[in-house]
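Chain F is already provided as a structure; the job is to place chain Z on it using the hints.
The listed protein sequences derive, respectively, from chains F and Z.
According to the numbering used here, the stretch in the first sequence is residues 35 to 139, in order.
According to the numbering used here, the stretch in the second sequence is residues 35 to 139, in order.
Heads up, the list lumps identical chains together, so a pair's fine if it works in one copy or across two of them.
Pairs of lysine-lysine, DSSO-like flavour, derived with a Cα cap of 30 Å: (1) Lys-108 / Lys-69; (2) Lys-70 / Lys-108; (3) Lys-100 / Lys-69; (4) Lys-56 / Lys-108; (5) Lys-56 / Lys-100; (6) Lys-56 / Lys-70; (7) Lys-100 / Lys-70; (8) Lys-56 / Lys-69.
Hints listed in this document are in silico derivations from the structure and should not be mistaken for laboratory results.
Protein chains: 2
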Amino acid sequence: MTTATLPNVTLTTQANVYFDGKCVSHSFTLADGTKKSVGVVLPATLTFNTGAAEIMECVGGGCEYKLAGSDEWKSSGPGERFSIPANSSFDIRVAEQYHYICHYG
Amino acid sequence: MTTATLPNVTLTTQANVYFDGKCVSHSFTLADGTKKSVGVVLPATLTFNTGAAEIMECVGGGCEYKLAGSDEWKSSGPGERFSIPANSSFDIRVAEQYHYICHYG
Numbered sequence: 035m036t037t038a039t040l041p042n043v044t045l046t047t048q049a050n051v052y053f054d055g056k057c058v059s060h061s062f063t064l065a066d067g068t069k070k071s072v073g074v075v076l077p078a079t080l081t082f083n084t085g086a087a088e089i090m091e092c093v094g095g096g097c098e099y100k101l102a103g104s105d106e107w108k109s110s111g112p113g114e115r116f117s118i119p120a121n122s123s124f125d126i127r128v129a130e131q132y133h134y135i136c137h138y139g
Numbered sequence: 035m036t037t038a039t040l041p042n043v044t045l046t047t048q049a050n051v052y053f054d055g056k057c058v059s060h061s062f063t064l065a066d067g068t069k070k071s072v073g074v075v076l077p078a079t080l081t082f083n084t085g086a087a088e089i090m091e092c093v094g095g096g097c098e099y100k101l102a103g104s105d106e107w108k109s110s111g112p113g114e115r116f117s118i119p120a121n122s123s124f125d126i127r128v129a130e131q132y133h134y135i136c137h138y139g
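Extracted from the complex, chain F is given alone in its bound form (with noise of 0.2 Å):
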């Protein structure tokens, strides 16, 4: 089951752009606070470094992903999350579209 839509969010208008642009994603922030991003990976390896602790949800086409520290490729496709420590990273690799919801903390 995937989240299709967020109710009742303040959206920040400016995309934040990484990677020339193989990734884009939007802020929002829940009623109470809660900062959160949705966002896509286009065909790209690229290396994230996470500050928070971050939960990754897939809503739409999937991805590889390989934490930092281990040596296997996982994939992650609709409805299914992933979790990356704090100060850490993680690669991840899109061979069409990876549509995700980032959740931090």
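Coordinates of chain Z only, in the frame set by chain F:
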């Protein structure tokens, strides 16, 4: 004065990806059901076709645009808007980034 945030919207989590990612947007609806989107155009010269009429509101960066039937490129920066008729088209060229809200109708 640019529109930095939009309160109380229902956000569609999947992105819209156009022109191999040269334009990426996320759709949302207002509490009254009005549909809009926020997006970004990356460095490119593109042609967009309209179904419904559109108003493009710049919320960051800038672009040059040329409406169908015109041979004049005009620039649009933060806080500025331009309108495109229904069933028409416009060319847009972006040197860095053009962040926008697309209003329909």
